[in-house]
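Enquirer: Sequence:
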Amino acid sequence: MANRFLGLTLFLRDGMQSVFAPAFFGMGLWLGILGSVVLSPVAASPLQVSENESIRRPRPSPPVLNENVDVHWIGEDDSFAWYQAEREGGGSEIVVIDLKSGARLEPKDYPPGVPTPQPGSELASIALISLPRFDRTVQTGPETEIRFVNQTTKDVELVWVDQDARPRSYGTIPPGESRSQHTFVGHLWLLRDRNRNPLAAIKCEVKGPATFTLTSETERPLADEEPGRVEASVDSTTWPRAFVRDYNVWVHQNKDAAPVQVTDDGTEKNDYTGRIIWAPDRKHFCLFRTERAELRKVFVVDSTPDDQLQPKLVEFGYAKPGDALDHPRLSVFSADGAQAMIVDDELAPNPFEVRDVQWRDDSQSVRFVYNERGHQRLRVIEMDVISGRSRIMLDEVSQTFIDYAGKYFLSFIDSSNELIWMSERDGWNHLYLIDQATGEVKRQLTKGAWAVREVVEVDLASRTLLVAAGGIHEGEDPYHQHLLRVSLDGAPPVTLTNGDGEHQWRISPSKRFFVDRWSRVDLPPVTAIRSLETGNKIADMEVADASNLLSSGWTMPKRFTARGRDGETDIYGLVVFPNGFDVDKKYPVLELIYAGPHAAHVPKSFQRLGDLHEAANGIGDKQFIIVRIDGMGTSFRSKSFHDICWKNLGDAGFPDRIAWMNAAAEVIPQMDLKRVGVWGGSAGGQNAMRALIAHGDFYKAAVADCGCHDNRMDKIWWNELWMGWPVGPHYEEQSNVTQAHRMNGKLMLSVGELDTNVDPASTMQVVDALIRANKDFDLLFFPGSGHGIGSGAYGTRRRIDFFARAFYESASQP
Numbered sequence: 000m001a002n003r004f005l006g007l008t009l010f011l012r013d014g015m016q017s018v019f020a021p022a023f024f025g026m027g028l029w030l031g032i033l034g035s036v037v038l039s040p041v042a043a044s045p046l047q048v049s050e051n052e053s054i055r056r057p058r059p060s061p062p063v064l065n066e067n068v069d070v071h072w073i074g075e076d077d078s079f080a081w082y083q084a085e086r087e088g089g090g091s092e093i094v095v096i097d098l099k100s101g102a103r104l105e106p107k108d109y110p111p112g113v114p115t116p117q118p119g120s121e122l123a124s125i126a127l128i129s130l131p132r133f134d135r136t137v138q139t140g141p142e143t144e145i146r147f148v149n150q151t152t153k154d155v156e157l158v159w160v161d162q163d164a165r166p167r168s169y170g171t172i173p174p175g176e177s178r179s180q181h182t183f184v185g186h187l188w189l190l191r192d193r194n195r196n197p198l199a200a201i202k203c204e205v206k207g208p209a210t211f212t213l214t215s216e217t218e219r220p221l222a223d224e225e226p227g228r229v230e231a232s233v234d235s236t237t238w239p240r241a242f243v244r245d246y247n248v249w250v251h252q253n254k255d256a257a258p259v260q261v262t263d264d265g266t267e268k269n270d271y272t273g274r275i276i277w278a279p280d281r282k283h284f285c286l287f288r289t290e291r292a293e294l295r296k297v298f299v300v301d302s303t304p305d306d307q308l309q310p311k312l313v314e315f316g317y318a319k320p321g322d323a324l325d326h327p328r329l330s331v332f333s334a335d336g337a338q339a340m341i342v343d344d345e346l347a348p349n350p351f352e353v354r355d356v357q358w359r360d361d362s363q364s365v366r367f368v369y370n371e372r373g374h375q376r377l378r379v380i381e382m383d384v385i386s387g388r389s390r391i392m393l394d395e396v397s398q399t400f401i402d403y404a405g406k407y408f409l410s411f412i413d414s415s416n417e418l419i420w421m422s423e424r425d426g427w428n429h430l431y432l433i434d435q436a437t438g439e440v441k442r443q444l445t446k447g448a449w450a451v452r453e454v455v456e457v458d459l460a461s462r463t464l465l466v467a468a469g470g471i472h473e474g475e476d477p478y479h480q481h482l483l484r485v486s487l488d489g490a491p492p493v494t495l496t497n498g499d500g501e502h503q504w505r506i507s508p509s510k511r512f513f514v515d516r517w518s519r520v521d522l523p524p525v526t527a528i529r530s531l532e533t534g535n536k537i538a539d540m541e542v543a544d545a546s547n548l549l550s551s552g553w554t555m556p557k558r559f560t561a562r563g564r565d566g567e568t569d570i571y572g573l574v575v576f577p578n579g580f581d582v583d584k585k586y587p588v589l590e591l592i593y594a595g596p597h598a599a600h601v602p603k604s605f606q607r608l609g610d611l612h613e614a615a616n617g618i619g620d621k622q623f624i625i626v627r628i629d630g631m632g633t634s635f636r637s638k639s640f641h642d643i644c645w646k647n648l649g650d651a652g653f654p655d656r657i658a659w660m661n662a663a664a665e666v667i668p669q670m671d672l673k674r675v676g677v678w679g680g681s682a683g684g685q686n687a688m689r690a691l692i693a694h695g696d697f698y699k700a701a702v703a704d705c706g707c708h709d710n711r712m713d714k715i716w717w718n719e720l721w722m723g724w725p726v727g728p729h730y731e732e733q734s735n736v737t738q739a740h741r742m743n744g745k746l747m748l749s750v751g752e753l754d755t756n757v758d759p760a761s762t763m764q765v766v767d768a769l770i771r772a773n774k775d776f777d778l779l780f781f782p783g784s785g786h787g788i789g790s791g792a793y794g795t796r797r798r799i800d801f802f803a804r805a806f807y808e809s810a811s812q813p
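Under numbering that gives the first Met the number 0, the sequence shown has 181 at position 182, and the numbering climbs by one with no breaks.
Hints were generated in silico from the structure; no laboratory data involved. Heads up, a few of these hints could be off.
As the list claims (entries may be wrong) - Calculated pairs, EDC-like style, for lysine to aspartate or glutamate (alpha carbon to alpha carbon, straight line, at most 16 Å): (1) Lys107 to Glu87; (2) Lys319 to Glu293; (3) Lys311 to Asp301; (4) Lys510 to Asp458; (5) Lys446 to Asp499; (6) Lys621 to Glu808; (7) Lys621 to Glu665; (8) Lys673 to Asp696; (9) Lys646 to Asp581; (10) Lys296 to Glu314; (11) Lys646 to Glu732; (12) Lys441 to Asp413; (13) Lys621 to Asp581; (14) Lys603 to Glu731; (15) Lys296 to Asp322; (16) Lys585 to Glu808; (17) Lys585 to Asp696; (18) Lys268 to Asp301; (19) Lys510 to Glu532; (20) Lys99 to Glu532; (21) Lys603 to Asp434; (22) Lys446 to Asp425; (23) Lys510 to Glu473; (24) Lys585 to Glu532; (25) Lys585 to Glu665; (26) Lys621 to Asp800; (27) Lys99 to Glu75; (28) Lys446 to Glu473; (29) Lys99 to Asp77; (30) Lys603 to Asp565; (31) Lys584 to Asp671; (32) Lys282 to Asp343; (33) Lys510 to Glu75; (34) Lys603 to Asp671; (35) Lys282 to Asp360; (36) Lys268 to Glu290; (37) Lys584 to Glu665; (38) Lys107 to Asp97.
None of these values were measured; they are calculated from a predicted model.
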């Protein structure tokens, strides 16, 4: 996707459940969003929050002028651009730029299409954009309002996705009704149905009241209907047709002929299923026959249901590491159903997942990607539909893991018999041009001690790619993303963005220009227009002004870099200070931890850092210094950096985190490393308790919310990807349950009883182990609530109070 103002793809499908959740908590699914395409898979995290959760609404703060510049293009070739600039005192003005010269125009020279503000009022610019993909609220700008209109026939849940990718439910909108919702520029909103399937995602782009209408025509939930149970929808004008009925395949040649059943071996346990994919010439089609495994059921009790007095038993499917999985086999049929072929089982003997089924342009073969269980092999397999023979086109193997969830890209170029493939085979995440006939590398497209983060766009006409990359500038934070143009034919990559910060971009309709917006946590956004061909700057637009925010007492975070455990590798993090920071005072240090290997987690762009600032300011005069750190084992660096996590989630980068804090305290002596606490949720909850188990000499207190404390108890895809398969003794050795007796320090656990993301029994098993070990701890149990509830208003207050008592009251005692 071109418009990286919207964020990276952070969703994938675990193949077993349909539960929405953003990236902060480390799991995922494929997500089809209203008005968008089906998303490409990248690591994410299912998370659910009960409607009963007390919503902690964002606090208003002084605006940062021109933090978000909304650009509009004029002319077929984007000859002009205009935007509404914010000015001190609440005013605004229209700025028009001639993109041929880069000059700002006077009003008398404006081209047709530029609106004129009415006297005494601000321009009501277009305020909403429909998002094809998103991860979280990144910026918080001026207050505004969105009116949501539900024109569907069912209830729709309104959800705000906050800065840490936690979904906050704002209740439901009944059919035919509307809701006017107070919000802020830059906030992300999700509409989903009663089953939590996403229907639409939108972002509030600029201030000014706006309306978003959800209709049955535009509403498009996941197209993954119950496999094999219903007929596939087809174009009423297209013949022949194929569909599944009663687990078997049927073919309908034309409207005058009766449909014919062409298979009779489909059963409930081994059914033909899913989407039917036709060859371009419609002489063949394919779909999967899936041998079903029994899906584990997890049971939780809703002790406080809304509709009755007595508790309810809640049941849901939930595969865990080591469980048996469905076995899909690609089946190919001729259009009349006379010929049936199946891919050679020896080439795909033990699938975790089969994906990306695509026909060749000439309809002579069909290809797919086989992800072998254990995540150490990815294969591209091809079947020739004339001979029925299958072959391995490409075989990617790793001695540790292949991060199929976060570092995956495949694009076939049939006109030249090539494909583009993403791989870490040389130790960094790069792109390769592969010969389809031989599977050999024709050319390594990107190379060096830096990492490709995303393929933004493929342009086959010019044989170039637009690529997001991190680490391309020596001496700059390697997590900062820049936009590159990469040639398929060997020309050196061209860097299209410039500026020491995290870059986001929006490409113009003509693809001649793009808006480059870059910032850092300690630098408000700078916005310019650049050439998409050369990267040359066409015009400066605005430099955001945060003076009002800073004068309100808000503190700018400090970036800090130190050597990690090996004394050589740079570890990056940030420090957040409380308001009124006193250089003559010592402060306890709290780390917000999330060591999920699917991503990196330290913010890089300018944002309010609401939870971190709230924690820093504590209670009254009981304030804290807050840190966030990306230790080894997290993503977006080298393969060796990432591999630290393999079969080793208990490590959580702690040796790097401790070394970083020791180095930071030498520069910031106000950090009191005798009083260090840690908190986190989900995988971060696991990490937080692990800190007291493995490093109780350094960390003195921890709050662990909804933790996946034992990787055998958590969802299958996330844990098998990093901990490996089959399940080995290292799972038990790194469990917070089996190691609870080693816990030293003050611990508070929290969990929602209706957590369908991480089995809440994982927390209760820790509770049992702590009791058996005669350990003191606090437990905060939320009836009727789901995943992430510990970050709600009540849980946040209790967490801050817990740390205040742990580090201030205990320090004052004799």
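Enquirer: Evaluate each hint against the coordinates.
Expert: Structure-based check of all given hints:
1. Lys107 to Glu87: violated, 24 Å
2. Lys319 to Glu293: Given that 16 Å is the threshold and the Cα spacing comes to 12 Å, the pair holds.
3. Lys311 to Asp301: Within the cut-off at roughly 5 Å; holds.
4. Lys510 to Asp458: Roughly 11 Å separates the two Cα atoms, so the pair holds.
5. Lys446 to Asp499: violated, 21 Å
6. Lys621 to Glu808: It holds: about 10 Å lies between the C-alpha atoms, which stays within 16 Å.
7. Lys621 to Glu665: violated, 23 Å
8. Lys673 to Asp696: holds, 9 Å
9. Lys646 to Asp581: violated, 43 Å
10. Lys296 to Glu314: holds, 6 Å
11. Lys646 to Glu732: Holds - the C-alpha atoms of glutamate 732 and lysine 646 are around 11 Å apart, at most 16 Å.
12. Lys441 to Asp413: With a Cα-Cα distance of about 15 Å, the restraint between lysine 441 and aspartate 413 holds, given a limit of 16 Å.
13. Lys621 to Asp581: holds, 12 Å
14. Lys603 to Glu731: Not OK: lysine 603 and glutamate 731 at ~35 Å, beyond 16 Å, violated.
15. Lys296 to Asp322: holds, 11 Å
16. Lys585 to Glu808: holds, 15 Å
17. Lys585 to Asp696: violated, 19 Å
18. Lys268 to Asp301: This hinted pair is violated, its Cα atoms lying about 31 Å apart.
19. Lys510 to Glu532: Distance of about 9 Å is within 16 Å: holds.
20. Lys99 to Glu532: holds, 14 Å
21. Lys603 to Asp434: At roughly 37 Å apart (the allowed maximum being 16 Å), aspartate 434 and lysine 603 break the hint.
22. Lys446 to Asp425: Status holds; Cα separation ~9 Å.
23. Lys510 to Glu473: violated, 29 Å
24. Lys585 to Glu532: Distance ~52 Å between lysine 585 and glutamate 532 Cα, so the pair is violated.
25. Lys585 to Glu665: holds, 13 Å
26. Lys621 to Asp800: holds, 9 Å
27. Lys99 to Glu75: holds, 14 Å
28. Lys446 to Glu473: Distance of about 14 Å is within 16 Å: holds.
29. Lys99 to Asp77: Status holds; Cα separation ~10 Å.
30. Lys603 to Asp565: Violated, because 24 Å separates the two Cα atoms, which is more than 16 Å.
31. Lys584 to Asp671: holds, 9 Å
32. Lys282 to Asp343: violated, 21 Å
33. Lys510 to Glu75: Satisfied, since the Cα-Cα distance of roughly 11 Å is no more than 16 Å.
34. Lys603 to Asp671: violated, 25 Å
35. Lys282 to Asp360: holds, 13 Å
36. Lys268 to Glu290: holds, 6 Å
37. Lys584 to Glu665: holds, 15 Å
38. Lys107 to Asp97: holds, 13 Å
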